[in-house]
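Number of protein chains: 2
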Amino acid sequence: MAQGSASEKPDVFHAIADPTRRQLLQLLGDQEMPVTTISGYFPMTRTAVSKHLRILTDAGLLKERKVGRETRYKLEPEPLLELKRWLSYYERFWENKLLALKRFVEQDEN
Amino acid sequence: MAQGSASEKPDVFHAIADPTRRQLLQLLGDQEMPVTTISGYFPMTRTAVSKHLRILTDAGLLKERKVGRETRYKLEPEPLLELKRWLSYYERFWENKLLALKRFVEQDEN
DNA sequence: AAATTGTGAAACCATTTGGTTTCATATCGG
DNA sequence: CCGATATGAAACCAAATGGTTTCACAATTT
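Protein chains in written order, with the UniProt record's numbering: chain A, 1 to 110; chain B, 1 to 110.
What the hints contain is simulated information worked out from the structure, not anything from laboratory work. Please note: incorrect hints may appear among the correct ones.
No copy labels: a pair is met if it fits in one copy or bridges any two.
[Unchecked claim] Straight-line alpha carbon distances no greater than 27 Å define the calculated BS3-like cross-link-like pairs of lysine-lysine that follow:
#1 Lys51 to Lys66
#2 Lys84 to Lys63
#3 Lys63 to Lys74
#4 Lys74 to Lys84
#5 Lys84 to Lys66
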């Protein structure tokens, strides 16, 4: 109960926090797959996988396409750009760190 | 009950999933601060903030330093490199996407 | 030495999360 | 039309999460 336009929470950070969901993203990067096929790769029920797929879809990380009676899912990478932007803010910090280390090593060599 | 060497779970993905914790990282990037000062920036009790600080510290994202009776926290950006590596795997996907879009637009202009 | 300040630990609580089983429904193959 | 298949929705559950209040204790003032 904070942001969001209505009641959804399409939070990329939350979506990728779960290891199963990260595996799902990896799996669905290369191939579009229906739920039953997907759930074959995971040690849990189809329903559980389905819920993870929904969370990822709500976060915009998957696109679902109905083909006959099956629903196929595919990676939709755009939302990861938000993560990339977030990360880039911190790049200067570890760059400073590495720079300091470099200076230290070089100084030590003299 | 999955991976981990003993019983800790220093999971960067999990650590940054919480918005409060992301704010903490941002706040502690520039200045090292003791808990009481930090908690002044957040609409929750000091204890709650303290717990978030612990989670971030366990994930390696903060370094704590005892100075007298206070504990000061500072950003430790290294673990974010794991995230960067994870993200870089997906770069090719959105690059393909953008490339396709570019081709489409250019074609449209002719 | 006594009062104050900074902090973590513990016990507790409501909500969310990740999972299950069961059920309803829509599509496909005969 | 009928049985099998693919799926989502619903009800339920145990554990994790994000918070709180209370307490103990070490370091600092006075």
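Hint by hint, here is what the structure shows:
1. Proximity of Lys51 to Lys66 under the C-alpha cut-off of 27 Å is restricted to the intra-copy arrangement: shortest distance 17 Å within a copy versus 44 Å between copies.
2. In the homo-oligomer, the alpha carbons of Lys84 and Lys63 lie at most 27 Å apart both inside one protomer (20 Å) and across protomers (24 Å), since each shortest distance falls under that limit.
3. Proximity of Lys63 to Lys74 under the C-alpha cut-off of 27 Å is restricted to the intra-copy arrangement: shortest distance 5 Å within a copy versus 39 Å between copies.
4. For the identical chains of this complex, Lys74 and Lys84 are neighbours both inside a copy (20 Å) and across copies (22 Å), given an alpha-carbon limit of 27 Å.
5. Taking identical chains as interchangeable, the C-alpha atoms of Lys84 and Lys66 are never at most 27 Å apart, the minima being 30 Å within one chain and 33 Å between chains.
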